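Novice: The lines below spell out each chain.
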Amino acid sequence: MPQFIAQHLPILQVIVPLIAAPFCALISVRNGAWWLAFVTSLVTFAISVLLFAATFDGEIISYHLGGWAPPIGIEYRVDMLNAFVLTIVSGTGVLTLLYARASVAHEVDAKQHGLFYTAFVLCLTGLLGVTITGDAFNVFVFLEISSLATYAIVASGAKTDRRALTAAYNYLIMGTIGATFFVIGLGLLYMITGTLNMADLAQRLLEHGDSRTLRMGYAFILVGLGLKLAMFPLHQWLPNAYTYAPSAVSAFLSATATKVAIYVLLRFLFSVFGFSIPFEADILFLVVLPLALAGSLIGAYIATYQDNLKRLLAYSSISQIGAMLIGVSMLSASGLMAAIIHLFNHAVTKASLYMVAGAYAKEAGTVSIRELRGVGRDMPFTTAAFVVGGMSLIGIPLTVGFISKWYLVEAALMRGWWPVVIVIVVSSLIALIYVGKFIEAAYMHPAPQGIIRREAPLTMLIPMWIFAGLSLFFGINSSLTSEAAARAAQGLVAASSLIWQ
Amino acid sequence: MHHHLILRVVAKLLLPFILLYALYVQWHGDYGPGGGFQAGVIFAVGFVLYALVYGVDELTRILPRPVLITGMIAGVILYAGTGLVGLFQGLTFLDYNGLAADSRHGQEWGILLVELGVGITVASSMTAIFVAFATREPDIDDEDW
Amino acid sequence: MMITSNYALFLALFLPLGAAVLLAALRDMPRARDIAHVATAAITFALVLRVLSGFLAGDVAHLYLFDVMSGLPLAFAVEPLGLVFAALASGLWIVIAIYAAGYMRAAEEAHQTRFAIFFTLAIAAALGIAFSANLFTLFIFYEVLTLSTYPLVAHKGTDEARKGARTYLIILLSTSIALLFPAIIWTWLASGTLNFEPGGILQGHLDPALAPVLLALFAFGIGKAALMPFHRWLPAAMVAPAPVSALLHAVAVVKGGVFALLKISVYIFGTGYLSSTNASQWLIWVAAFSIIVPALIAITKDDLKARLAYSTISQLAYVTLGVALASQAGMIGSTLQIVMHAMAKITLFMCAGAIYVAARKTKVSDMSGLGRAMPVTFTAFLIASFSIIGLPPLGGAWSKYFLLLAAADAQQTAMIIVLGVGSLLSIAYLLPVAARALFLPAPAEMTREAPPAMLIPICATAFGCLLLFVFAHDIYGFLLNVPLLAPEVAP
Amino acid sequence: MGVIIIDLVLFGFLVLAALAILRLTNLFAVTMLAGLFSLLAASLFITLDAVDVAFTEAAVGAGISTVLMLGALALTTREEKTLATRRAFVPLICCLVTGAALIYGTFDMPAFGAADAPVHTHVGGEYLQRTKPDTGIPNVVTAVLASYRGFDTLGETTVIFVAAISVLLLLGFPNRANRRKQDEDEA
Amino acid sequence: MDDLITQITAHYNYWMVIILMMIGLYITISRGNLIKKIVGLNIFQTSVFMFYISMGKVTGGTAPILTGNPDEVYSNPLPHVLILTAIVVGIATTSLALALAVRIREAYGTIEEDELLTIERDAEAAEDKI
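Quick mapping for you: the protein sequence lines, in order, are chains A, B, C, D and E.
Throughout the first sequence, residue numbering follows our numbering, covering 1 to 501 in sequence.
Throughout the second sequence, residue numbering follows our numbering, covering 1 to 145 in sequence.
Throughout the third sequence, residue numbering follows our numbering, covering 1 to 491 in sequence.
Throughout the fourth sequence, residue numbering follows our numbering, covering 1 to 187 in sequence.
Throughout the fifth sequence, residue numbering follows our numbering, covering 1 to 130 in sequence.
Here chain A stands alone, though its shape is the one from the complex (with noise of 0.2 Å):
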């Protein structure tokens, strides 16, 4: 590898995207947006991977940009936690980018490509660098870049359902929220720090002790967070948006946008308050905690009485979100280390049950679990994709899901804490509902008369099928995953304060 891209990495990441997104609007070829934001998309993978191979050992790559040392100017910080999302990320948008080809065609008027892709490939752009900072503020800036793009590219699912314009403002108007309440929590950290650099607030913040700014500043940036990854009860915005965007939005999106919340939850609770103060750890406990539990039950009942599949998938999401938030509040290694690795496993689980959805909404023309009754003989590949991701999402052995579980229920359970465990099972049996019923649907009942439905194009059959694999794969073999999880908790862990068991 030439020295110069190795010595650039972290910033490559996030200005090829950036640069060759705009590119995209200006293409007028058929298909070639589609080309540019595919390429792009694995040029971006391939940098996160090496990025990924450049952590794995525990180094942390640190890159000043504009050449002036922080907390001067901002700096990209990637360690292995970072590169671990940002592998996510963009393997997730190679992927959703390739099934997009066949899925968004059919969803997003022709003449609206170029600009489709445009926002698209600054969403995945804004997502990255979220990611990868190590700048406070610098996380806003891109957390806004990608937002928009969001916004915008689920409101042009518009063409199909118009709630998808609806779903677009609300999730505007509460992202916007959000993202201010982010802005002043952290308004209030740099009220009693004077610096924007994470590493140099976590150092000041450590120093400043305990105050009633820092408190709310913490809580501010707590709901702000709260709100972008879809926190129950702060998650409203999330159904629909996930409904009536373009299939392939919903599992780009799903696979992304509420994991790399996460990330930022993470980064801000561990690396930057690191719990100096008790009350850090007692909201955690007290609110988050319930919540958290609160959201993977309530999210999994209301999935069971959907009928749209992708709105099913919605809640269940919120339940697995409520999944991660459990591990992140137990405030243990073990609990974190669930955590992280739930997040990749969460997220091509349902990246891939999106796409599933996505291939009935092209081919069979409808996303009601009524009217694909027995869709499986009509579409056996498909449906057999669900049915991997459905086990994944119930945690069945074999699949990425029994992995999360297993590390979820071990670090309950290191805690001692058997009512946790109790909700995560529970939560698990409630998911063997809604995907029973909807793998009952598909075959075990004849298909509505007068339907005629094939299988999806291979475009469509291939990304699906990788992430499907992979959360075979992934279930059967953990090794890698759980090595960098593990490794990613273990870099949370060292940069807090709290006493560790």
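Since the hints were derived computationally from the structure, they do not count as laboratory data.
Since we're looking at a predicted model, the values are computed, not measured.
Please note: incorrect hints may appear among the correct ones.
Only some residues are given here: those of chain C computed to face chain A with a beta carbon under 10 Å [said to hold, decoys possible]:
| hint | residue |
| --- | --- |
| 1 | Val60 |
| 2 | Tyr64 |
| 3 | Asp67 |
| 4 | Phe139 |
| 5 | Ile140 |
| 6 | Phe141 |
| 7 | Ala161 |
| 8 | Arg162 |
| 9 | Leu173 |
| 10 | Ile177 |
| 11 | Leu179 |
| 12 | Leu189 |
| 13 | Phe478 |
Chain B stretches covered by chain E per the calculated footprint, using a threshold of three residues with CB under 8 Å from any CB of chain E [what the hints assert, rightly or not]:
| hint | region |
| --- | --- |
| 14 | 24–36 |
| 15 | 123–136 |
Pair by pair, the computed Cβ-Cβ distance ranges are [stated by the list, open to error]:
| hint | chain 1 | residue 1 | chain 2 | residue 2 | range |
| --- | --- | --- | --- | --- | --- |
| 16 | A | Trp35 | E | Tyr12 | 55 to 63 Å |
| 17 | D | Arg23 | E | Tyr12 | 22 to 30 Å |
| 18 | B | Glu137 | D | Leu24 | 38 to 46 Å |
For each residue, glycine too, the CB sits at the ideal point set by N, CA and C.
Given chain A's structure and the hints, the job is docking chains B, C, D and E onto it.
Specialist: Showing chains B, C, D and E alone in chain A's frame:
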């Protein structure tokens, strides 16, 4: 659109000054308040004024869609490109020190260039957003102004 | 033999998976498919026998695949209990494969290839359970077994079948996720390993006061053992075609369940730990309850398969009782009960299937005099009934004998009575079936025996019940190899 | 003291404007008041020494955003419908709680205008000292914006770009040729 | 009492800003008109800007444009920079939100949240009936 003649004349007289002022704000940002963003907004306001007086169609004649989109892109690329120069000089991204013989002049050049990039993008983006609203056919007939 | 034990073990585990693909490929050639199915069963059985002979010769096969999570590998190792179960499952598979081919055609069932594929997968999962070297591997194959039998239960696709299959899946998956899964993780955290070790792994790692709780999680978590009150899935699964019922109730599913329980008690808790801590004392009573109550329910059932299902629940509780008694005699009694009950119950279910195919009858009350038209079937039914009841000279006698012995050893007088009552009740629900059919006057319309592809397996297993009586001693001798103590403690 | 009075008067007007926006249902008036709000905010920024921000707020808040708002009103509606059934209780509680939390947070804040606050002693002060030798530019805000934190500004430029792309994606942007053809068709 | 007065002089500015913020937030979440919500959001955000700028103020300071006078006290430039960025983000969000409102009006014929909700509920009920 057929507005008053006086309005058109005044606008025509005013417009060069607005644009001139925008340019001043653009280049003077190093010394006083102002910079690319403000200049871009003023530029856009100038175009908006033009459109209000002469009609949006007239504005899209001067600044058709491809021009505006190219402008939006050009600004971003100018900015990022300035940053990339540092990359190729063995410095980091957005390090302007290598843009001129000594680092202080390099910084000045760099700041000038990126501000220009901001200005171009903001002016064309704002104008494009305005045009997008203005060219949409209103379908309101239930109320009056 | 040409192949090594290790290799034979590998093949025995993975040949059925390959065969499943082959069966799918042969979907347009039913005859070739059925032959392939039977052949796979036969080869697998031969491979298991090869592993067995290797074991007897001191060549203990083991197979390590890879770590699923760090410290938690997919690994297989041979030990006597597993060998008995594997030999039983693969041996009876041959019989059912032949029977299924006959049944599915005679009953004109749809989706025969899908049926054969999932059937093969289910047996593969059962073998995985049998040979698993650690609790983790066992759990994985336990779940695979549940999932691969779901399409079999729902096979008919009717509303009733869907409902039954739903109950089946929900109870088995819920118990395993809600109870078994946490139990395994608890064990893992307590002892730092999940390997099946002689003498168990919990000794010294788990507070004896908590042992009953953990045992409860295991005993109820293994829903396949059908311990009351988690027995509902078994009658619900009666909607499946007869070969599936035979598979569920005789070979793979329920036996997989009680076998897992047995293995856990021997190699995770350790018989010594269980008896010294009295952790399983409560389980004795639950097992007793599960022996008596389902037997009473069975008497009231008119549907033959439902009656057999409740009989199964009752008979499985014998195994659990043996486990709960936590002694060598109990362990041996349990293992023998698994074998004997499998052989007898498979006969009964195949008979039920034959009756359905030949006479389209499912109700006991409709079968009066049917034995005159189908003498072979009902004779086999009678023989198997005697075995279940525990009458010599049939295999069932031995298992009941050892369980009585174990109860006596443990000075559980009440259990001796329970075992006696259980046998009496089994007379009450099983004998009338054969008796009515054979000795009441024949109905007006006459039917004929089922096709030979079904009759031959029935005769074979009925004869097997007799044979087992003779060879029970060999199994007993073999089971004495089961290491009940950790190596360093053993003399 | 004089500054405080100016501040208070400005705040008073700001609160009045905000309350008027809350009460009024005529969206045209609301838009105008929003512009006024921005102008007042800009004035406040000047008293707080933030001339660049004031300039921008005036140009954006009172200028372009009012224009866009009016454009949107022309395409939607000019009157807000007031519905008696709207629940205003929960939002009110939310706001009160949030506000109370923030005020709670202010009690440990450095005093307004204190020169020894961490904000001024750490990075902020360093910018003031370094700008001249580093870049030779007198306007520190520009130097920080374009150089020290130039990457944020690249992000900001991208945000505007995204917004424009998104608006075009949503509202379309007919090519002139199409429009002319449309007009001819209508004629 | 002295304590209170100190608190007031030290923080009155922030309190006013917080009041403005909450009015903005209240407009956003309590009003049903989509455009009005956007205006509320703008007020909310602008108040946050004031909050930041207040932080940067140094008593007796001037705008951070270097005059060359070594005794000059300057206000902190960093909050100004951050807020410049935030203003841009704000206008970007506003324009996108307005565009969405326009599209919603075209698709539904209304921009009142309650009416939109009714329409969507009816649509869902109709879907369920099929």
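Novice: Run every hint past the structure and note whether it holds.
Specialist: Against the structure, the hints come out as follows:
no. : hint                              : in the structure
1   : Val60                             : 26 Å, violated
2   : Tyr64                             : 13 Å, violated
3   : Asp67                             : 6 Å, holds
4   : Phe139                            : 6 Å, holds
5   : Ile140                            : 4 Å, holds
6   : Phe141                            : 8 Å, holds
7   : Ala161                            : 8 Å, holds
8   : Arg162                            : 5 Å, holds
9   : Leu173                            : 6 Å, holds
10  : Ile177                            : 6 Å, holds
11  : Leu179                            : 8 Å, holds
12  : Leu189                            : 5 Å, holds
13  : Phe478                            : 31 Å, violated
14  : 24–36                             : holds (count 3)
15  : 123–136                           : holds (count 4)
16  : A:Trp35 with E:Tyr12: 55 to 63 Å  : 59 Å, holds
17  : D:Arg23 with E:Tyr12: 22 to 30 Å  : 25 Å, holds
18  : B:Glu137 with D:Leu24: 38 to 46 Å : 28 Å, violated
Figure legend: structure checked against the earlier numbered hints; hints not met, in rising order: 1, 2, 13, 18.
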